[in-house]
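There are 2 protein chains.
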Amino acid sequence: MASALLMDLYELTMVDAYLSEGLHDEAAFSLFVRRLPARRNYLLACGLEQALTYLETLRFSAEELAWLESLGRFSRRLLDWLEHFHFSGDVHAVPEGTPLFAAEPLLEVIAPLPEAQLVETALINQVHLQTLAASKAVRVVEAAGGRPVVDFGVRRMHGEDAGLEVARAAHVAGVSATSNLLAGQRYGIPVAGTMAHSYVQAHDDELAAFRAYVRRFPETTLLVDTYDTLEGVRKVVRLARELGPDFQVRAVRLDSGDLVALSHEARRLLDTAGLVHVQIFASGGLDEDEVARLLAHHAPIDAFGVGTAMGVSADAPALDMAYKLVEYAGRGRLKLSTGKVLLPGRKQVLREEEGGVARRDVLARHGEVLPGRPLLRRVMHAGRRLAEASPPLEAIRAHARAELGRLPSAVRRLEPARPPYPVDVSAELSAARRQVVAELHEASHAP
Amino acid sequence: MASALLMDLYELTMVDAYLSEGLHDEAAFSLFVRRLPARRNYLLACGLEQALTYLETLRFSAEELAWLESLGRFSRRLLDWLEHFHFSGDVHAVPEGTPLFAAEPLLEVIAPLPEAQLVETALINQVHLQTLAASKAVRVVEAAGGRPVVDFGVRRMHGEDAGLEVARAAHVAGVSATSNLLAGQRYGIPVAGTMAHSYVQAHDDELAAFRAYVRRFPETTLLVDTYDTLEGVRKVVRLARELGPDFQVRAVRLDSGDLVALSHEARRLLDTAGLVHVQIFASGGLDEDEVARLLAHHAPIDAFGVGTAMGVSADAPALDMAYKLVEYAGRGRLKLSTGKVLLPGRKQVLREEEGGVARRDVLARHGEVLPGRPLLRRVMHAGRRLAEASPPLEAIRAHARAELGRLPSAVRRLEPARPPYPVDVSAELSAARRQVVAELHEASHAP
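As given, the protein sequences belong to chains H and R, one line each in that order.
Read in the numbering used here, the first sequence has 313 at position 313, and its numbers run on one by one without any break.
Read in the numbering used here, the second sequence has 1238 at position 238, and its numbers run on one by one without any break.
What the hints contain is simulated information worked out from the structure, not anything from laboratory work.
Source: prediction; values computed, not measured.
Glycine included, every Cβ here is placed at the ideal spot set by N, Cα and C.
Heads up, none of these hints are tricks.
Example chain H residues on the side facing chain R (calculated, C-beta under 8 Å, incomplete):
id	residue
1	D16
2	L113
3	Q117
4	R155
5	R156
6	G163
7	Q201
8	A202
9	R333
10	L440
Generate coordinates for the entire structure from the input sequences, incorporating the hints supplied.
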């Protein structure tokens, strides 16, 4: 975060009140998604790296403090506390690239109440974005069935931060490369790109444009649909004849029209001319459904450039993600509002596998001993991240691939799994919930 | 932009090729939305301020240049050019807060081809985000019919940049305040907020939580739905009796459940207790349709907190926005790909009004003399913004309100206007298009 002020005003009013009341016992907050979007069988957890960096580096500058003071809303006690703030708590989290389901914590923050409260907005903002993006991108990658997918979405992602972090999340999810140079520089993601219609338009003649471009970039991909796609392919063939052995173009790119018919005909034209090694790259408003449809129709497409729909997670541009107090001063906490039932206390997710395939998750109390592989582990202690909490991006990507390989195949498909993957609540956790509910009812009906 | 590298790789490969070919004549690129989303009758132009700042400040640092060089893809000529880059062109644009329709330019860049090409990705990224956000937020504001709308969306907006810029765009569109402190600091937008469920949960008793909170913030809004909404309202009433004249709570906030029934019953409880001045603030998964539905059912709600659906423009999280070459070296340029027909040359949008109400727009050639109010004006010359290009945010907001007041009422409604607002193409512009198409066909069929 470039600024400590990326937070909701109410974080500060609450902290101000907590400080004035002396409420600084240990709290546990759980970050999770309440319900999955209709067309998501699972989430792919992502964004922990940025969340930990935020927690480690959050400080209030003199300028920020002066501005907060100028609002005239806050106590001197709060402003002093913010001036010396650094996060001193623990974080338990699932590794990035782990598939998760509704109600399962992506991370839990254990810290004095005011500290844990203060970081709510920014933690959600960062983990939500990347988990959203990875959970969409993995669908496109699955649909492409091993063919490379390139992220072309930066221009219509929501701002600069999204342009950068969504590219990272998509790479974790299996996207091969990004057109976004900043993501390439910052995260070492391979960068890729072709050419624009404007390049062709700027020349008086399409063939002249191709000729000029391959002079500068011999092993490029030529965009052939500026005027007439198949005419464009024929010009590539003509260029190949002109150049002979110097012709090293790797692919043609189709960006509009009936991609099934055009890819078949383009393939035929290329093959007939002996250009069997020139690949076909498709783009233009693609999403996972369109990629699946193209391949179901045997479109001879070798790689996909996917932009806006993946970049903004168009069919589900937000997750119902929450950061909820589940424990304070050693006691489980709940909220009972209609339709928003919580489970109290710190938790663990246990994934039971059989023959290398996950068969169910059990949502349990933290520390409960049960079968299955525990997914949450401690990644930060006393405000400092543990060394193993930040693997290199390629390791996160490999972890995602391995974890996806353990999901039942129905869960990895684009359509809703019937029945959905089972997530059960342990007997102990269910009992804990009943107890907290009973206590709350007792308290609320007390005189 | 924090980094010059927020761009697609192909911007640089194209510029590299342009430089090697000596293609540096003047180009005009037009930024527009090809098609409106199904449930948008118009766009509200926004984001120009950030676009101009980007153009004025875009520079490549030594570190960025070194990284680009390390890719081994670019010519020394390109790297030298980038090292000395500053944008030297002109920009014509519609003022922020102006309603626009499909195909109408939000802005046009006139600059040497490599310069105009280089800035494509970041310009779209910024103008797209804010125009998207303003075009959604204005619907919520219209639905609320004069009742204040507060932006609560930062936590699930797509990253930090979105959190900041969407708050700005929403304010332009008429949203009263934001919960986002950063937007408050950066843009002077009023900040607002209430309290969280976690605050209530952290106390052993809801009434104790309310009591403590108003001790610190007497004129606050109390969140009453943590356990049982109407019980929560009764506790507010009890608190009012306890405090007598010291009770200064301004509102109760309902965040879940059947808001029609709950708001009626809450109003009744408050009024019966003589708390007629305590307002009802509603939130919880609201969008323009839900706001309209609540008011159609006469829900006695005084203000709305709207979060995710508005913040990510949930029903249309992207616009089909493009930045297209329309003129190079004095000649109109087109692209003919299926379904993506363009109009050549620089343009003007003329809005014809009758009795203060817009009746149609005419898309014309730049400089064409026709009736109607021209919407595009020069905002940057030779790389420097003109003084009048950056009005204060409150002036932009007032401009939006005035311009919205000139739209036909059917266009301002939530449902699709039938017929849609007419946008005609001038005879001269139509003729220019025919001519460019004819030239292209001639060229493509030449031997």
